[in-house]
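Participant: With chain A's structure known, arrange chain B on it following the hints.
Those protein sequence lines, which keep their order, are chains A and B. Take the first sequence: its letter number 214 is residue 214 in the UniProt record's numbering, and every next letter is one higher. Take the second sequence: its letter number 53 is residue 53 in the UniProt record's numbering, and every next letter is one higher.
Calculated directly from the structure, the hints in this document are not laboratory data. Treat each hint with caution, since some may be false.
Unchecked claim - Straight-line alpha carbon distances no greater than 20 Å define the calculated EDC-like cross-link-like pairs of lysine to aspartate or glutamate that follow:
1) B:Lys385 to B:Glu321
2) B:Lys192 to A:Asp333
3) A:Lys192 to B:Glu339
4) A:Lys92 to A:Glu146
5) A:Lys347 to B:Asp223
6) A:Lys346 to B:Asp223
7) A:Lys192 to B:Asp333
8) B:Lys347 to A:Asp223
9) A:Lys402 to A:Asp419
10) B:Lys402 to A:Asp351
11) B:Lys402 to A:Glu339
12) A:Lys314 to A:Glu408
13) A:Lys402 to A:Glu183
14) A:Lys402 to A:Asp214
15) A:Lys347 to B:Glu403
16) B:Lys347 to A:Glu403
17) A:Lys402 to B:Asp351
18) B:Lys121 to B:Glu42
19) B:Lys385 to B:Asp292
20) A:Lys41 to A:Glu15
21) B:Lys346 to A:Asp223
22) A:Lys192 to A:Glu209
23) A:Lys385 to A:Asp333
2 protein chains.
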Amino acid sequence: MAAVADDGFRVLDEEALVEYIKATPALRAQLGEQLDGLTIKEVGDGNLNFVFIVIGSAGSLVIKQAIPYVRCIGASWPMTKERAYFEALALKEHGRLCPNNVPEVYHFDRAMSLIGMRYLKPPHIILRKGLISGIEYPLLAQHMSEYMARTLFFTSLLYHSTSEHRQAVAEFCGNVELCRLTEQVVFSDPYKIAQYNHWTSPYLDHDAEALRTDDTLKIEVADLKSMFCERAQALIHGDLHTGSVMVTSDSTQVIDPEFAFYGPMGFDIGAYLGNLILAFFSQDGHANKDNDREEHKRWILRMIEETWNLFHQKFVSLWNENIDGHGEAYLADIYNTPELRLLVQKKYMTDLFHDSLGFGAAKMIRRIVGIAHVEDFESIVDESKRASCERRALDCAKTLLKERRRFETICEIISVVQDFSAH
Amino acid sequence: MAAVADDGFRVLDEEALVEYIKATPALRAQLGEQLDGLTIKEVGDGNLNFVFIVIGSAGSLVIKQAIPYVRCIGASWPMTKERAYFEALALKEHGRLCPNNVPEVYHFDRAMSLIGMRYLKPPHIILRKGLISGIEYPLLAQHMSEYMARTLFFTSLLYHSTSEHRQAVAEFCGNVELCRLTEQVVFSDPYKIAQYNHWTSPYLDHDAEALRTDDTLKIEVADLKSMFCERAQALIHGDLHTGSVMVTSDSTQVIDPEFAFYGPMGFDIGAYLGNLILAFFSQDGHANKDNDREEHKRWILRMIEETWNLFHQKFVSLWNENIDGHGEAYLADIYNTPELRLLVQKKYMTDLFHDSLGFGAAKMIRRIVGIAHVEDFESIVDESKRASCERRALDCAKTLLKERRRFETICEIISVVQDFSAH
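The shape of chain A in the complex, shown without the other chains (with noise of 0.2 Å):
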């Protein structure tokens, strides 16, 4: 067993879970109370955490333990193992929020960094993978529409006093490491020399270089970075690419955020509706003599339009049912006619949009020339082939980040996110 750190923190290997889960009444009654033979499996593919899947004769569920350093990385690189404290808060919050999309937590250890949630069992696969492997999901525009419409507007000032909106902030301003590490390589690292950034080389040398003498993108990478660090508009995922998602052909379930803290809204549709993009141009690489992928492209298209339309119409939905409640940003008082309210909500969902774009891009970005890289991309044996399809994907990105305010609706992103491909 690990030794035991001083304040009560301890690595957990499979052995040491075994005795916790007997340990916890909660683990123990989500197992029924067998735990004889328990199957338990390490399956953390992500760069933080350590993830077990417990099995039983009569339950399962998932342990997920954070470490104080990046995993991918190692001891070298430090993160706060506080992470799992604001990552089990989002949970709760988000799960209560939408509960149809959000695994439920059934213990969480703040001296330990560790989160006992539901396991998402087969045929849950990372919705990444599946859109790798050109699965359509016919809910899934729906599903992560409604999950982003109820917890963007039930955390923001929409719905929120600015009492309560106050209160959460400053409890959130406490997961600031992993602000930073966002701040760091989504800002920071892609638009200069920086130790961990890769891309697919030779064939895109001349595209990073690029990215750090662009001076029109660096100018507008400040603004998304000062709204990211500065505007606390709601309770954001702050990490929701489309490997933050589980999905079968009826379920979507977002995990992973540990990155949670009031940002702006932007960064989280961005960061979904950017990934689906990434998705959307790596599928030429995947292409074979079987499957031009042509369909599935359109249908990952599809996804980005109606993603954004039901979102829109499910945000300004929740936003008319509570136009009287007790969110301050619009006052009922003030914003009295129906002529009003209809121009206050075209113009603050035009700047969600542009918002949106802005992020979504930079998302996109760092993901090309960045530390972290995808894999819709990397999965692309052929580095001529795949160094291709990113450097679609990077300049449709730095199109939408630099003119992101001269658009007014997804079909006109369609357009471009086409033409780029076309190219």
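Facilitator: Below, chain B alone, put in the same frame as chain A:
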């Protein structure tokens, strides 16, 4: 002596104050341990607190005590006395950053919501009263631009790391009740029917009503309110009008930062410049056959122009001096050419200028139709004359608020103000 509440709080009268001072070493020391025959005078002419000037034979000080309601309204409008804690924090932080323009704090007692601080001796008077009297202060623009540049720059992400920043933001989130007061009286009440709204009636009845039906204005005000509630740009004073500044010909002291929190910088700059503009528009109401006030009006306009221009210059100088510091908004590795730095600074300062105009205009409007008016206008006895001054200020403010994004320089603002003055 007043009854002591469970939390140790009791409102001090003069007698109790003497006992308190005798029992408090830091205060005794300021009075040179000469505690007999103290002269005590209550001078709280603001809306919220008790303020005692204490003068002994060997020293002096001021005692400010917050009470748990809005003094000018009474116990029917409760207001946390914790505001004294945030006032003391802000006085210390802003005092550290700009010691020449912030009075020293000798003692803070959280349970008693009591601050002991430097007495700003005569001839110090409230700037607003000086402006009404037609007095000119040769160093005012120099001092106020210095105060704003230093307090805002050093508490922003241009100087802070994001770790420092989020920690400080979280602390000041606790000052939510005072923020809510601002939200109500600045961004809400003037645009709806509200209990304590008043204006020079019947002259301005139509003007007040026009605010409540001006959709363009209300949309812009919503934007400013969101920025106020969501954007943690710097530690702002939060109530930087000309009644929060005490002056002599060679001293400028900023007092009363009980509304301090991490908010948009433009709120402070706008509050100050907006109140100078109010002072300008009020001058015609103070003119008489001996003094047409034209020279004083020109001086106030010069103050507005110089304050912004000096602020701009000092703020950018601080930025350049700290370009290789630990501020994280614009990393030196990325914003690495003089040309790019210039572009970035130009954009930042232009955005800040527009924010300042918007907030300044909102502060002007609320002083004419909201709960708390300014002595600049209130001291004009002839109601018709007063209303005429107020209307010009109001119309000017509406233009500045709605059209702020088309202005680039403070000269243009001076022209707008002059145009409305000639109406």
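Participant: Hint by hint, say whether it matches the structure.
Facilitator: Each hint, compared with the structure:
1. Between lysine 385 (chain B) and glutamate 321 (chain B) the alpha-carbon distance is near 49 Å, which puts this suggested pair outside the 20 Å criterion.
2. Taken as a hint, the lysine 192 (chain B) and aspartate 333 (chain A) pair is honoured in the structure, with Cα atoms around 6 Å apart against an allowance of 20 Å.
3. In summary, the hint linking lysine 192 (chain A) to glutamate 339 (chain B) is supported, as the alpha carbons are separated by about 17 Å, within the 20 Å threshold.
4. At roughly 17 Å between alpha-carbon atoms, lysine 92 (chain A) and glutamate 146 (chain A) fall within 20 Å of each other, so this suggested pair holds.
5. Our distance criterion of 20 Å between C-alpha atoms is met by lysine 347 (chain A) and aspartate 223 (chain B), whose separation comes to about 10 Å.
6. Taken as a hint, the lysine 346 (chain A) and aspartate 223 (chain B) pair is honoured in the structure, with Cα atoms around 13 Å apart against an allowance of 20 Å.
7. In summary, the hint linking lysine 192 (chain A) to aspartate 333 (chain B) is supported, as the alpha carbons are separated by about 6 Å, within the 20 Å threshold.
8. About 10 Å separates the Cα atoms of lysine 347 (chain B) and aspartate 223 (chain A), which keeps this hinted pair within 20 Å; it holds.
9. Note on lysine 402 (chain A) and aspartate 419 (chain A): the hinted pairing holds, with a Cα-Cα distance of about 16 Å set against a maximum of 20 Å.
10. For the suggested pair lysine 402 (chain B) and aspartate 351 (chain A), the alpha carbons sit about 18 Å apart, so the restraint of at most 20 Å is met.
11. A hinted pair counts as satisfied when its Cα atoms are at most 20 Å apart, and lysine 402 (chain B) with glutamate 339 (chain A) qualifies at roughly 19 Å.
12. Restraint check: the Cα-Cα separation between lysine 314 (chain A) and glutamate 408 (chain A) comes to about 18 Å, which is no more than 20 Å; the hinted pair holds.
13. Restraint check for lysine 402 (chain A) and glutamate 183 (chain A): the C-alpha separation of about 19 Å stays at or below 20 Å, so the hint holds.
14. Proposed proximity of lysine 402 (chain A) and aspartate 214 (chain A) is supported: the alpha carbons are some 11 Å apart, at most 20 Å.
15. Between lysine 347 (chain A) and glutamate 403 (chain B), the direct Cα distance comes to roughly 17 Å. Compliance with the 20 Å bound is thereby established for this hinted pair.
16. Taking the CA atoms of lysine 347 (chain B) and glutamate 403 (chain A), the gap is near 17 Å; set against the 20 Å cutoff, the hint holds.
17. Taken as a hint, the lysine 402 (chain A) and aspartate 351 (chain B) pair is honoured in the structure, with Cα atoms around 18 Å apart against an allowance of 20 Å.
18. Straight-line distance between C-alpha atoms of lysine 121 (chain B) and glutamate 42 (chain B) comes to about 15 Å, which keeps the hinted pair within the 20 Å bound.
19. Simply put, lysine 385 (chain B) and aspartate 292 (chain B) have alpha-carbon atoms about 14 Å apart, close enough for the 20 Å limit, and the pair holds.
20. For the suggested pair lysine 41 (chain A) and glutamate 15 (chain A), the alpha carbons sit about 12 Å apart, so the restraint of at most 20 Å is met.
21. Restraint check for lysine 346 (chain B) and aspartate 223 (chain A): the C-alpha separation of about 13 Å stays at or below 20 Å, so the hint holds.
22. The straight-line distance between the Cα atoms of lysine 192 (chain A) and glutamate 209 (chain A) is roughly 9 Å, inside the 20 Å bound, and the hint therefore holds.
23. Distance restraint check for lysine 385 (chain A) and aspartate 333 (chain A): the Cα-Cα separation of roughly 58 Å exceeds the 20 Å cut-off, and the hinted pair is therefore not satisfied.
Comparing the model with each earlier hint shows violations of hints 1 and 23; every other hint is respected.
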